[in-house]
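*Asks:* Now for the letters of each chain:
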Amino acid sequence: MRKITALLPLLALVPLRGPAASDEVSTIHVYVDSDLCARLMLGPITDARVSCSQTTFKDGSMPVAVQLQNNMVFTVNKEKMIRPLVGQLADLSGKINVRNGTMKLASATPISADSIRHDDRARLLIDARMYKATGNAKLHESIRHELAMMPYISEFDFISFNLVGPTVILTGWTVRQTNRSTAEAVVKNLEGVERVVNNIDVLPLGSFDMEIRAGVRAALQRMLSRYFWGNGSDIKIVVKNGQVILLGIVATKEDSDLAFIQANGVRGANKVFNMLQVRGTKKEA
Amino acid sequence: MSLVFNRWRLIGTSAILFLAAACSRPTPPSRVKRIPAGQENAGFLSTYVNLRPNPELENTRTYVSHNTLKNLHRYVAMIVEMPVVYVSTNVDEKMIPDRGVAALTEYFHEALDEAVEDAFPVVQSAGPLVLRLRTAIVGVDVDSETPAAQRDPQSLEHALNIGKVGVEMEIVDSETGEQIAAAVDRQNLGEGAEVGSVTFTREEKFRAATQAFDGWAMRLRAFLDSAEELSPEDVARIEERNFPYASAGTPTK
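So the sequence lines, in the order shown, correspond to chains E and S. Position one of the first sequence corresponds to residue 1 (my numbering), numbered consecutively onward. Position one of the second sequence corresponds to residue 1 (my numbering), numbered consecutively onward.
Hints in this document: simulated from the structure, not taken from any laboratory. C-beta: ideal position from N, C-alpha, C; glycine also. Certain hints may be false.
These stretches of chain E come out as covered by chain S in the derived footprint (C-beta under 8 Å, 3 or more residues) [stated by the list, open to error]:
(1) 83-95
(2) 171-183
(3) 186-200
(4) 259-268
Computed footprint of chain E on chain S; a stretch qualifies when at least three of its residues, placed anywhere within it, have a C-beta under 8 Å from a C-beta of chain E [claimed, not checked]:
(5) 70-84
(6) 220-230
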């Protein structure tokens, strides 16, 4: 029996590394992405990534900024300013809040990749040859295990990661603020981890989204009950402002399609993104 | 003329009524109930039949629903209701000051909020996936009258004695009221503790009382944590299927 101690949530109190918030206006090189692709495609800016950004943005996924030098995702207060730039590189100026992953935008200017110097760390995500999921396979397994065993993870939370050298990039969505900080705390304490970029988005708990969550779960549980077990499920249901993202692993393409159809039939769900992986294959955005 | 007079009289009367209504403080609903004579339980929980002794929590009987569709894992937020006070069977309710009860319940409510909020974000409205935490402080007694010489404006005429208090709590579905988890905690954390002032949270001499309420709140959290524990089968299933989506792939040796 796994023992969950009350100590784990206390780790959330450990202060985060680096500045939490800054009143200074900073300018950063970014790739303007869709929320969906920014949190699921943690690699370099390839043609597939750009295509994902543009398609999912057109389908309703909100635009976000991915800082090129470290892969940190920022939601911005003035989305209108970056909407025309989705799938492009840009310079954003504004006040950054690293702790919340937010940016108060002052200006947004498109740039070309050539304008970024070759020795600039911002080239990390531009050049696929520079960006590799390197690192210790044992450490990768330790991170995976620690995140999988976190308490209070429900079918409405999806937490994933990537390991680039000694840097862990955490990503996903959660309905509990504590899961964001706990994930960072448990990973940061692992030997071999030097930096953690925390891109876990905390979802709103408004009644509208809650009804969609309950509705989608009920629909999937009715038709695909084998993926729901005692205390959890193989299918993750992320709901954000009326949009539904289905994640996780199912056995067949038919099950994936059925989940998509069921979620689409839930009242209030205005868009469903089916990101379910079929066992044995790897479906990406 | 009389019409004008009547109109002014009407306006005057309305104004007086309005002012009276605005100035009078509504009487808060009594939060004090009495333990029925000869009963072991206060009668606060919707049902006691499922409670069993919990080996991990001394002097506590608990229940956790294992219904696949309705268990703690299936909810994501919680409403924390204001606790209800049950006085001992023999206590004269008139001696229990309302402001003392308010101080007691507000302190415990805050302690409960803090204990659960990082496990279940606290919300205000009922709805799907939302639980409701109901608690009762059971067995509050009163001490003899506080001597006038020792009183200040914040003092209670009679200190509330929580030396033999226990706590009953249940977590229910906020929409249906169905019991999802419950606990009757008879662990005596309040021995020697009393509350003699509405500002007891700040006063050193009532430290024992604040520690008792903090203690019960922490025991609730420990109970929630243990109820959230996964079975070995669940752990194996998570381990087998929880792999990152990261497109850059898994590093090789």
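*Asks:* Of the numbered hints stated previously, which ones are contradicted by the structure, given in increasing order?
*Replies:* 1, 3, 4
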